[in-house]
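> One letter stands for each residue in the lines below.
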Amino acid sequence: EAAVTQSPRNKVAVTGGKVTLSCNQTNNHNNMYWYRQDTGHGLRLIHYSYGAGSTEKGDIPDGYKASRPSQENFSLILELATPSQTSVYFCASGARNSGNTLYFGEGSRLIVV
Amino acid sequence: QEKVQQSPESLIVPEGAMVSLNCSFSDSASQSIWWYQQHPGKGPKALISIFSNGNKKEGRLTVYLNRASLHVSLHIKDSQPSDSAVYLCAVYSGGSNAKLTFGKGTKLSVKS
Chain G
45 EAAVTQSPRN KVAVTGGKVT LSCNQTNNHN NMYWYRQDTG HGLRLIHYSY
95 GAGSTEKGDI PDGYKASRPS QENFSLILEL ATPSQTSVYF CASGARNSGN
145 TLYFGEGSRL IVV
Chain P
2 QEKVQQSPES LIVPEGAMVS LNCSFSDSAS QSIWWYQQHP GKGPKALISI
52 FSNGNKKEGR LTVYLNRASL HVSLHIKDSQ PSDSAVYLCA VYSGGSNAKL
102 TFGKGTKLSV KS
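Protein chains in written order, with the numbering used here: chain G, 45 to 157; chain P, 2 to 113.
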């Protein structure tokens with residue numbers, strides 16, 4: 045079974061602070077994704093990556109940065125956290141081919157106060 | 002931007018019932034359609050996918066795709082309490098901007 049590990053699992057941050065959510069995958073997948081999930085909105089794509097050194101903007105990138113320093117690791121960075129970024133964040137990985145299965149982590153619950 | 006809409010929002014059925022979930026999408030060029038299952042406090046898990054018009058069966062699951070009407074449905078036969086979860090429809094758009102776009106989900110409760 046493919047493995048995607050997120051850290052931290054729970055985080056409380058202050059408004060204006062910097063938050064980094066980390067994701068590690070041991071599947072040797074090229075593609076990695078960051079989604080956020082909110083009631084009434086479902087899963088929305090923030091940033092994604094096709095491989096080490098690449099990052100692409102998803103559907104809601106404003107207020108977020110991403111970093112892919114290696115095949116295994118993909119981070120989501122909130123430079124100036126705001127209460128509207130309170131959410132559950134999911135990282136996923138997938139192979140680079142049409143219709144690839146995405147493997148999700150267990151999620152990171154972020155509360156910005 | 003791909004739009005994915007699911008219905009109903011929630012569904013309660015007795016154990017053993019046939020469950021039908023619906024999903025409509027906006028882009029006829031979408032390469033594949035996926036169904037994911039998500040239990041509370043967990044990440045989504047892929048259940049079944051379909052690429053071509055028609056149907057596909059895997060165990061108790063059957064998925065039907067009609068590209069002309071931009072509609073896909075998931076049917077769960079002989080539902081069990083363990084099937085209680087949120088079911089997410091996702092559309093894969095390939096090419097230079099490959100990504101999965103998700104619907105908001107259908108919450109299924111199977112009562113024993």
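One or more of the hints may lead you astray.
[Unchecked claim] To give an idea of the chain P side of the interface with chain G (calculated C-beta under 10 Å), a few residues:
no., residue
1, Trp35
2, Asn67
3, Arg68
4, Ala91
[Claimed, not checked] Taking lysine-lysine and the PhoX-like style, the derived pairs with C-alpha atoms no more than 25 Å apart in a straight line are:
no., chain 1, residue 1, chain 2, residue 2
5, P, Lys108, P, Lys57
6, P, Lys57, G, Lys55
7, G, Lys101, P, Lys46
8, P, Lys100, G, Lys101
9, P, Lys108, G, Lys101
10, P, Lys4, G, Lys55
11, P, Lys100, G, Lys109
Keep in mind that the hints were calculated from the coordinates and are not lab data.
A quick note: this is a predicted structure, and the numbers were derived from the prediction, not measured.
C-beta: ideal position from N, C-alpha, C; glycine also.
> Against each hint, give a clear statement of whether it holds in the structure.
Evaluated hints:
no.: 1; hint: Trp35; verdict: 8 Å, holds
no.: 2; hint: Asn67; verdict: 18 Å, violated
no.: 3; hint: Arg68; verdict: 14 Å, violated
no.: 4; hint: Ala91; verdict: 8 Å, holds
no.: 5; hint: P:Lys108 <-> P:Lys57; verdict: 22 Å, holds
no.: 6; hint: P:Lys57 <-> G:Lys55; verdict: 41 Å, violated
no.: 7; hint: G:Lys101 <-> P:Lys46; verdict: 24 Å, holds
no.: 8; hint: P:Lys100 <-> G:Lys101; verdict: 11 Å, holds
no.: 9; hint: P:Lys108 <-> G:Lys101; verdict: 29 Å, violated
no.: 10; hint: P:Lys4 <-> G:Lys55; verdict: 31 Å, violated
no.: 11; hint: P:Lys100 <-> G:Lys109; verdict: 18 Å, holds
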